[in-house]
Amino acid sequence: MKINISNFITALKAEHIKKRGTGMYYTSAIIGAISPILFFIVLLIESTDEIKSELPYNYYLKFIENTLQPFAYFFFPLLIIITVSRITQLDHKNGGWQLMETQPTQKFSIYFSKFFTVLIANTISIIFFVFVSILCAWLLSFFVTVPKMAIMEFPVIEIIHTGTRLFVASLLVTIIQFIISVLISSFIWSVIIGFFGLLLTIFLKPFDLVPVWYPYEILSKIAVNHKGSDLGYWFTFTEYISVTLGIILLYIGFNWYRYKTLKLAFNSPLKISKLFVVIFFFGGLTYWLLRPNQMPDYDKTVFCGRIESSEKFQNIYIKDNTIQDTIAVIPIKNNEFHYVLKEKVITDNYTFIIDHKFQGNVFFGQQDSIYLDGKIAESKSEFKLKGTRLAENQMNDNAKVNWNMASYYLQENVNLDKPQIIIEAIYKGWKKETEAANTFKTVDNYIPKNDYTERRQKLITTNYLNMWNDLLKKRSALYPNEKTNGGPQIVEIQKKLSLTDESLLSSTDYFDYVKSQLIAKNNQDIDENTKAVLAISKLKNGSFKDKMLFWQISKSIEEASTSNERNQFVAKYNSQFSNNDYRKKINNLNAIAESLGKGKPAPVFEATNVDGNKVSLVGLKGKYVLIDVWATWCGPCRQQSPYFEKFALKYKKENIQFVALSTDENVQKWFISAKSKSKTVLQWHTDNSKLFATNYDLETIPRFILIDPKGNFVNAKLPYPSDVSFEILLRKALHLPEEG
Amino acid sequence: MTDYIIQTEALNFQYSKDKKVLENISIKVPKGSIYGFLGPNGAGKSTTMRLLTGIIPEQGNAIKLFNQPLQKQLPFVFSKVGSLVESPALYLHLSGIDNLRYIAKLRGISEEKIHETLALVDLTQDGKRKAKQYSLGMKQRLAIAMALLSEPELLLLDEPVNGLDPNGIIDIRKLLIRLNKEKGVTIFVSSHLLSEIEKMCTHVSIINKGKLRFEGTMQELSKAASFCKIQITIDDAENWLPKLENSYSNVKMIAQNQIVLNIQNKEAIPDFIKNLIAQNAAIYEVKILDGLEEWFMTLTNEKRTDEN
Chain C
1 MKINISNFIT
11 ALKAEHIKKR
21 GTGMYYTSAI
31 IGAISPILFF
41 IVLLIESTDE
51 IKSELPYNYY
61 LKFIENTLQP
71 FAYFFFPLLI
81 IITVSRITQL
91 DHKNGGWQLM
101 ETQPTQKFSI
111 YFSKFFTVLI
121 ANTISIIFFV
131 FVSILCAWLL
141 SFFVTVPKMA
151 IMEFPVIEII
161 HTGTRLFVAS
171 LLVTIIQFII
181 SVLISSFIWS
191 VIIGFFGLLL
201 TIFLKPFDLV
211 PVWYPYEILS
221 KIAVNHKGSD
231 LGYWFTFTEY
241 ISVTLGIILL
251 YIGFNWYRYK
261 TLKLAFNSPL
271 KISKLFVVIF
281 FFGGLTYWLL
291 RPNQMPDYDK
301 TVFCGRIESS
311 EKFQNIYIKD
321 NTIQDTIAVI
331 PIKNNEFHYV
341 LKEKVITDNY
351 TFIIDHKFQG
361 NVFFGQQDSI
371 YLDGKIAESK
381 SEFKLKGTRL
391 AENQMNDNAK
401 VNWNMASYYL
411 QENVNLDKPQ
421 IIIEAIYKGW
431 KKETEAANTF
441 KTVDNYIPKN
451 DYTERRQKLI
461 TTNYLNMWND
471 LLKKRSALYP
481 NEKTNGGPQI
491 VEIQKKLSLT
501 DESLLSSTDY
511 FDYVKSQLIA
521 KNNQDIDENT
531 KAVLAISKLK
541 NGSFKDKMLF
551 WQISKSIEEA
561 STSNERNQFV
571 AKYNSQFSNN
581 DYRKKINNLN
591 AIAESLGKGK
601 PAPVFEATNV
611 DGNKVSLVGL
621 KGKYVLIDVW
631 ATWCGPCRQQ
641 SPYFEKFALK
651 YKKENIQFVA
661 LSTDENVQKW
671 FISAKSKSKT
681 VLQWHTDNSK
691 LFATNYDLET
701 IPRFILIDPK
711 GNFVNAKLPY
721 PSDVSFEILL
731 RKALHLPEEG
Chain Z
1 MTDYIIQTEA
11 LNFQYSKDKK
21 VLENISIKVP
31 KGSIYGFLGP
41 NGAGKSTTMR
51 LLTGIIPEQG
61 NAIKLFNQPL
71 QKQLPFVFSK
81 VGSLVESPAL
91 YLHLSGIDNL
101 RYIAKLRGIS
111 EEKIHETLAL
121 VDLTQDGKRK
131 AKQYSLGMKQ
141 RLAIAMALLS
151 EPELLLLDEP
161 VNGLDPNGII
171 DIRKLLIRLN
181 KEKGVTIFVS
191 SHLLSEIEKM
201 CTHVSIINKG
211 KLRFEGTMQE
221 LSKAASFCKI
231 QITIDDAENW
241 LPKLENSYSN
251 VKMIAQNQIV
261 LNIQNKEAIP
271 DFIKNLIAQN
281 AAIYEVKILD
291 GLEEWFMTLT
301 NEKRTDEN
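Those protein sequence lines, which keep their order, are chains C and Z.
Read in UniProt numbering, the first sequence has 16 at position 16, and its numbers run on one by one without any break.
Read in UniProt numbering, the second sequence has 94 at position 94, and its numbers run on one by one without any break.
Treat the hints as calculated values from the structure; they're not laboratory data.
By construction, the Cβ of each residue, glycine as well, lies at the ideal position given by its N, Cα and C atoms.
Every clue listed holds true.
Output of the computed footprint for chain Z on chain C, the stretches with three or more beta carbons under 8 Å from beta carbons of chain Z:
{"no.": "1", "segment": "17-24"}
{"no.": "2", "segment": "91-99"}
{"no.": "3", "segment": "104-110"}
{"no.": "4", "segment": "256-264"}
What follows is a list of derived Cβ distance ranges for each label pair:
{"no.": "5", "chain 1": "C", "residue 1": "127", "chain 2": "Z", "residue 2": "167", "range": "48 to 54 Å"}
{"no.": "6", "chain 1": "Z", "residue 1": "136", "chain 2": "C", "residue 2": "141", "range": "56 to 62 Å"}
{"no.": "7", "chain 1": "Z", "residue 1": "59", "chain 2": "C", "residue 2": "160", "range": "49 to 55 Å"}
Taking the hints into account, I'd like the entire structure generated from these sequences.
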């Protein structure tokens, strides 16, 4: 063993004499530095001094993460292909392999001294990549304004983490290129194979066809998941696979080189059994790593977490998504919380709301332990959900909008005369999407639990069946005399979905589908809402009916055109609920709708103007008031603001006052922004934005509210000023003639 | 018992099932000899060389180096063996000195040896130049220097004078003879040129089409090729023909004034000429047609005809 090591070290030193003058390590350094330098130049040219509101982040780390993409996807693999090819070509070109084999040097030393040299080159490249990134980031800080939420500490541990992950992830690519380059003496083949492998990832990526163990994919994953494991491991499972697969290949590759041919390498029982041991052990490990995991259940139902913020928060509310019922109020102490839910929790999507300001979606149920990892800075927030529903919540967040042919046909009314084409598209899309629902895995190879996957597939099925309903509706309108037959394909889809699955009723899509099935046979000449509510009221009493009814009534409340119609409707059907909570909730919704209705008094609120004086709506009585509710951080608000100001100038002489009401948390920001706005618009800031939000049923901003001279609502939800109808409604309210 | 440095016992080798490249090659290379391994191109010389150096793995266990099976000694036997196989293996991007430094590192030899060896092959002046700027001869000399660097007990040289100019050939030959005499290095040298082998070897073997045709000392070789075919240009050849036929064999007139005949050996030529001149013959030219070279050719051609 001692001889082996000294023989290896001698070979390694000799290898370094041999590579003199090739500049191999310099190449590594340069290629490592390219991507940070390019990024630096781009930032220097492109950088605007606009400071976006963001969560605090490490300035240097962010720079590295940005440069990681080109490095891990392209420059690093490129370097590996080049280095390996060069170091093996030194000997292929000059007859060096024979020369080395006629020296007192073991083949192991020959092979691995070269391999080790490549690893050194890789390491140099990684080190240069990291250090040039830091250097460029530091230089950049002299030319470009560094946002004030940027943290300027050197992220030592994160750098080591990224560096070692890059090194380990690159092993498999390196090993494969090395084996090929040693065996094939022509330089062109190893380069072609390398580039082909590299490009294949790029080609196959959009189709989701790249397997997780694909060498270049393992490397490029680093750029995608720069934080690495969700579960706190140093390496992710694909990086371990890089090692286990690498060892198997290296074992085969070395023996192939050692005995010249694959046949000679494994021609005796001993050699074969050794190979089997290696394959069995490391192959087994690979298999074990590749096998997806599911989180086990927890013995309690827990919702806990931590919020990283300079602010202090009081409570987290967990609400269900159907009737917005609060199922838990969790107190937060020092921005940390831990809560055991005693009552049974139906596994479903819920909304968590932190102090009425920040919210997110969480999927969980009985016997789940959820850890909420939140970051909040001013108006920005970021929430990560870990624990037993890690994969489910990640899949929720990453849900892609699937484009499919069927919805295109239906939207554009293409092929309506050939229903078979659309049915085919529906079936294909459904098949593909339900299968794709099985493919999600986290960085640590965790997949959602079966209940989630099944639920997701049911929702996908719902979506496709709604398309089918759409088709039926369109066909019966266009071709009333033709029958549309779904055939076995639609029957197959329909079989997958029960019509009484209460757990799906948090989704309006499912409600729509069940409703459509309930009213399908009703040919009376009445509107759909009435048909639906009639059908629902015939259902068996229970929570399924309650939920259906709730959706239907709230929909009717929203769509009712007069206060009278709404009240009648509510009065007629509200008694049908078995559960009183729904009744209360509906009454509440109705009250809010009522309070915002035309002619109802607009709730009074207090505000402050730019000069710091208290102001209120009372002071504007006798004039129409048009309010734009906005905030400095809100993009769509900024977009609408110029239109709003344009109308303010246009109707300056009319009996109307335009008010821009800010709901900003940060008064300073509002102040600076408001100062620069048109003087025609009054710039106000709410003193109590929470109260305002409740009273005015403020769900989103910007919001445009028109109030008459008596202080009553004309319209509590005007369309956006960029919309043509905005001005029409405005002129109508002011009793101005229509414009030519 | 003679001490054999290289010994093969019925060495066989085949790349594919039906084609034997080497068949029953048994050679014995005594210690301290310069052993010539002679054969035309494609005879199996290089394959033998590669087998002796373990570059291609042996199919069996027929090769012994230093009285030990070769396979068990790989790769450390090379600390006693210097070799030059086929085209010179050099790193063209390195200087001559760095090429030697590389070998010195692998073999654990002090760097002082490098300059000594460079001087030995007359490359001192060019040591710092890159090998790619060297002429073919210089490359060959550098490759030999790399084989010599560790003062091995055995030198395996495959066509060492290939591509050298006459002066270079002579220099290398002198160098090899000197190494053999002074340091007792056993040298195994392959060549397709009989003249080359003739001039420096003590022992020789001849291989053709994968079979060993001859093995022995140089003296034994001369004996085996114990006739000499000469051609004389002489006036009045017709008259001389019967006279010569009496004393020599294979006498033939090939042109009006040209006769070929066989005599015992080269050494007999001066007496043969004296004798003719004494009989007033007008001789214009005497030419050896057929010496060892010709014999070598027949030996190797014979096989070709055998097979056809």
